[in-house]
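**Q** Make the full structure from the sequences, and use the hints.
There are 2 protein chains.
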Amino acid sequence: MKNISITNRTKINRLPKRASYDINVINNILDEAFVCHVGFKIDDQVYIIPTAYGRKDNLIFIHGSKNSRMLKSFSSGDDISISVTLVDGLVLARSAFHHSVNYRSVVIFGKPEEILSKGEKTYALEIIMEHIIAGRWNEVRKPNEKELNATSVFSLKIDEASAKIRTGPSVDDEEDLNLNVWSGILPLKVIAEEPVPSLEFKENISLPDYIKHYRRKHEK
Amino acid sequence: MKNISITNRTKINRLPKRASYDINVINNILDEAFVCHVGFKIDDQVYIIPTAYGRKDNLIFIHGSKNSRMLKSFSSGDDISISVTLVDGLVLARSAFHHSVNYRSVVIFGKPEEILSKGEKTYALEIIMEHIIAGRWNEVRKPNEKELNATSVFSLKIDEASAKIRTGPSVDDEEDLNLNVWSGILPLKVIAEEPVPSLEFKENISLPDYIKHYRRKHEK
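In order, the protein sequence lines correspond to chains A and B.
Letter 193 of the first sequence, counting from 1, is numbered 186 in my numbering, and no numbers are missing.
Letter 180 of the second sequence, counting from 1, is numbered 173 in my numbering, and no numbers are missing.
What the hints contain is simulated information worked out from the structure, not anything from laboratory work.
Among these hints, one or two may not hold up.
Repeated chains share a single entry, so a pair holds when one copy, or any two copies, can fit it.
[What the hints assert, rightly or not] Quick list of in silico lysine to any residue cross-link-like pairs, SDA-like style, CA-CA up to 20 angstroms: (1) Lys195 to Asp50; (2) Lys104 to Glu25; (3) Lys182 to Ala26; (4) Lys4 to Lys59; (5) Lys182 to Val28; (6) Lys182 to Asn95.
**A** The structure is reproduced here in structure tokens:
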């Protein structure tokens, strides 16, 4: 276990037993998901936008069009907040009150930094793609100068972050245990279905293993 | 189609062909998901928290402990932002640049209103539970006075909202069509796995159909 420092922003006050500041726990959640929600301000109004991301070491990378309202707002110098959430199941208790969701979530705070050099930008795009579908980058046509110029890429340090996790069985009050209500966990899971080739697909190209065996959970 | 008014906050500037302001499109997305991300401010800092929700007519309901930092912040009078995102697949193009994600997302802006009366609060909790797992509410032990007092419930009108959707096949530049790269869509889907009964489970309680046949997509 390697905890990162707790700040007033990352301290979990509600149900602190569900909190973790262990960087390995945080990274495992960040690695299983690939869509985050980014919270930012424009003219004092809070916006949230979902976007894909990649992680490498203690950095999160996000990218988008250079005309993106969100990415342009990052130059304000305000701290943003990023949230990543995995839903693992429904917790079905005997009382309405004790119903819950099994989940693993991470929140990160910080100032995103723009990546400007062409080389570092390309590397960050590789990290994002490999985070989403490992094995893909080496096969595809790499970004050209025009595409790179149309794209903004930012990094955010994972040094002010926390995880919140609910796991395990449903819990009921003692006096509800005899009620005739089915109780337990209904696990939920993201799966990949049969890949659908593009319209101009060429017969002689076989489906790569990294697509055929795609899954989000990476055993370490 | 029944569009709601577009405001400066909900107008989608990037890739406007992906935008929808049709309330039926928005509601279908809100009904398939059950976890949203809420963006709010405390002392000028943006926070994001994932939480379960329910929808009925033009209202979103969210609830939590009355000590929740998020719910307490709602009394500031600031507008919040809620985002709901469904990920439908990976878009694998022949060039890195044209990779994308098929998704359906909704953003809502507005001022949450606290629900104070015991009857309306209980009804809102029923909406949330039935949104997450339809058929459950009538079976479980309803909230008692103590549980209701420990819970805060808020509603948010869905009258300033927009959807953004990417659907369909991968798209490539003409000059990349002959590259020897597998291209197409890898569909992703949330499924329910085998339910896990609680530890004190009683043999004579059979698994209800609404759990056995649980799925998020509701055909209308």
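**Q** Are the hints correct? Go through all of them and say.
**A** Checked hints:
1. Lys195 to Asp50: neither (38 angstroms within a copy, 47 angstroms between copies)
2. Lys104 to Glu25: neither (23 angstroms within a copy, 33 angstroms between copies)
3. Lys182 to Ala26: Answer is both; intra-copy 12 angstroms and inter-copy 14 angstroms each pass.
4. Lys4 to Lys59: between (34 angstroms within a copy, 18 angstroms between copies)
5. Lys182 to Val28: Answer is both; intra-copy 15 angstroms and inter-copy 14 angstroms each pass.
6. Lys182 to Asn95: Intra 11 angstroms, inter 18 angstroms, cutoff 20 angstroms: intra and inter.
Figure legend: structure checked against the earlier numbered hints; hints not met, in rising order: 1, 2.
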